Amino acid sequence: MPETVPQPGDVVWIRGRRWRVAAARRDRRVTRLDVANHEQRLTFLQPFDHVVAGVRSERWRRVRPQQALARLAHATGRSFGPRTIASAIDADAAILPHQLEPALAVLKGHRRVLIADEVGLGKTVQAGLIAAEALRRNPAARLLLIVPAALLSQWMGELRRRFGIDALVADRAGLDARARSGAFGETPWRTTGVWIASLDFLKQPHVLDGMPGWPWDLVVIDEAHGACGRSDRHAVADRLARRARRVVLLTATPHSGDEERFERLIRIGRLADDELVVFRRTRADIGVTRRRRVAWHGVALSEAEGRVLAALATFERVVLRAAGAPGRDAARLLLAVFRKRALSTMGALAASIDRRLAWLERDGAAETDAWAQPRLNFGGDVEEDLASMEDSEGLRARTGLPEAAERSWLKRLAHLSAAAARVESKVARLVGLLCRIHEPVVVFTEFRRSLEVLAGRLQLARPLAILHGGLSSTERADALDRFEQGGASALLATDVAGQGLNLHARCRWVVSLELPWNPARLEQRVGRVDRIGQLRPVHLTLLVARHETETDLVAHLARRVRAARRSFGVSALIDIPPNEDAIRRAMIDRVPIAPPGAAPTLALCRAWTRAARAAARHLEAQRALARRWRGPDMAGRPACSALNRHPAIAALAGGGSVLVFSVPLRDHAGALVARHVVAVRGADLEHARRLAVAAVSGRAARAARLTHAFGDAAIALDRRLVAAAQAAAGPFETQPGLFDGRGLRAFEAARAASDDLAGEVETDAARAHRRARIDIGRPVLEVVLLAGRS
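Counting with the numbering used here, you get residues 18 to 807 for the letters of the sequence shown.
Just so you know, the hints here were simulated from the structure itself, not pulled from any lab data.
Since this is a predicted model, take the numbers as computed values, not measurements.
Among the clues, some could well be false.
[What the hints assert, rightly or not] SDA-like cross-link-like pairs, simulated, lysine to any residue; straight-line CA separation at most 20 Å:
(1) 125 to 723
(2) 428 to 445
(3) 125 to 627
(4) 220 to 193
(5) 428 to 379
(6) 125 to 722
(7) 125 to 135
(8) 220 to 281
(9) 125 to 262
(10) 220 to 204
(11) 125 to 295
(12) 220 to 295
(13) 125 to 706
(14) 125 to 154
(15) 428 to 438
(16) 428 to 321
(17) 428 to 793
(18) 125 to 721
(19) 125 to 438
(20) 428 to 328
(21) 220 to 191
(22) 220 to 250
Make a model of the complete structure from these sequences and hints.
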């Protein structure tokens, strides 16, 4: 007699442990079971591993009336229909209407969604809700979350804590371990569930080439604005998104002023005329009052620091005059590096001057400089700070100034900055603030060298935790844990910590050592503590030098903030802020920024606002009912109680008893589509069970029609994915090279990947047709209510 094949969602016992089946695939006489519990995910093979179904006892257990009613409320709260976002019922997150809108859009069938909410409005929760719902509806789904390396551990923790999802880490160690535990020759990417990886790891050729061409059910790209430059990052993000059934892009700063970058962002994963559904909500839109207090601290500079800034201004005029019109852009890159660092710390300026001198001394042989070389990323968990990448480009710029003259100027600036570094007026003011105010604080600076200067001066005033892009994911997690657990009262961070971190539970005070030239970056910094869930007013302290070089920046920043506030209108993206080159011209050349031109029109989605509010009210009511019972499961035994004093129950029972069943509706693949609660009068259990099945037959028919429509839409989408992959693979014929076979091998690999995708999609299409059939599962007895004494 063949073994019974468990269905996704079933509870089974294997090797003495309790598991829940995530996916089941039968191949001839062997069934592969992907199972999970609260600790781990594993794969077993039946019949080699003995599988015992988890059996629910139906022996009644007498309980008090209050407990029986609580169990009844719990069962009602756990019921849901095929259109319900049921994963939100158990989620450890407040149900906010605006966070349901993207999930409703995805469930409706929209393929690409951009969530561009203001910092702190829960983009991670919204993406997690979409992922959890995708897994609930298809336990065998394959999801890919692409996040910055600095946020890997945070995303994993959020998914586990809020949605009970254990993500599979895609790094070198994780892939090797999964390959060793899987079948021989099988790719670890075949494993179902949620994969999480950084873009810097995935862009490596050996990693990307090792990923099968099968479609992902969902691809989420966090901080998507970092993947819209002319780089390998954009190419890889776009390639993976084009092979996904659903794409969700997350960014709080979708438009930095560069129209070309913005255009690449909104085209990520686009197939033909794909519509991009854009959500952009502010605190005012969702009715959250911002309680933020900004303190500007004007810092009087020492005479030594004043001499450095005066000499630097003269150097800027000399360089711009020598560069002329042809070399002006390259000159601005270098001068922007020096100006920004001078307004941060003199130590940061001195370090950049030393690097520039080293490059000049080697006669421009930048390839030999360690600081100019891109680092080999074997583990995929290290990110460079944005300022470090600017160093590499700006400090190697050709300015047109004779090298002998430039070396002379740089040596003079190095001498002056070394003398001024002994004072560091901004750092001294910060030390004074931290000695007077004893609250936990996050201190941001744009530059690694400034971070080192701060650490050296502050280590006697406060216990410190330090965070920057050169740390591994483990080191970053240790630093954050030390700060959040109280081992450190000050977190010193570069802008790598301005992406996605949730620090509002620990502190409310942010200090910015310098003013970033882009106001969006300043908003990212304060957004680490000014988030939903922050119960106290947020304090932002800005340290500004009392010097014309930085007062000009203050005026410019005010103009940019006004422009940024107009960036997203009610219905379109208009009045974009200026790009980085315009900023450099304004700060170095003192050229006024021209009014923004015509920006790309991109409509914001408001279609789901009313539906999301209704869904939030319904889910909140479901959650309140489910919370009525928080006791143990009583080994799965139904509760029984006499409620002779409850008139509603007595009227319903008619002097007899009421049996309450939960009836699951599953598709033909075993996935849970809906769960309904049915009350039946009578004493015969089997007869009552048949009545419960009959009561939901109409709902099952409606669910079948809805599932069939979803299946047809999924098949049509998969065919589009195949067509796009075949178009990307190029012509069906090629001419081999006379002396090199690389072109032929690339052609064969592209065609094989396209054929592989086509075969997988056809298999999924057949599976989708089978899933359109809805089965009524065996009704589970939850509560027995007796109208009279028994």
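Okay, the hints, checked on the actual structure:
1. 125 to 723: With Cα atoms ~11 Å apart, residue 125 and residue 723 stay inside 20 Å; holds.
2. 428 to 445: violated (26 Å)
3. 125 to 627: At roughly 15 Å apart (the allowed maximum being 20 Å), residue 627 and residue 125 satisfy the hint.
4. 220 to 193: Between residue 220 and residue 193 the Cα gap is close to 18 Å, so the pair holds against 20 Å.
5. 428 to 379: Distance of about 16 Å is within 20 Å: holds.
6. 125 to 722: holds (15 Å)
7. 125 to 135: It is violated: about 24 Å lies between the C-alpha atoms, which goes past 20 Å.
8. 220 to 281: Holds. Residue 220 to residue 281 sits at ~17 Å (cutoff 20 Å).
9. 125 to 262: Given pair residue 125, residue 262 holds - Cα atoms ~13 Å apart, limit 20 Å.
10. 220 to 204: Cα-Cα ~18 Å, so holds.
11. 125 to 295: holds (15 Å)
12. 220 to 295: The given pair, whose Cα atoms are some 26 Å apart, is violated under the 20 Å limit.
13. 125 to 706: Cα-Cα ~34 Å, so violated.
14. 125 to 154: Measuring from Cα to Cα gives roughly 14 Å; hence the hint holds.
15. 428 to 438: Satisfied, since the Cα-Cα distance of roughly 15 Å is no more than 20 Å.
16. 428 to 321: holds (16 Å)
17. 428 to 793: Violated - the C-alpha atoms of residue 793 and residue 428 are around 82 Å apart, more than 20 Å.
18. 125 to 721: holds (16 Å)
19. 125 to 438: Violated: residue 125 and residue 438 sit about 59 Å apart, past 20 Å.
20. 428 to 328: holds (12 Å)
21. 220 to 191: Given that 20 Å is the threshold and the Cα spacing comes to 17 Å, the pair holds.
22. 220 to 250: Roughly 6 Å between the alpha carbons, so the hint for residue 220 and residue 250 holds.
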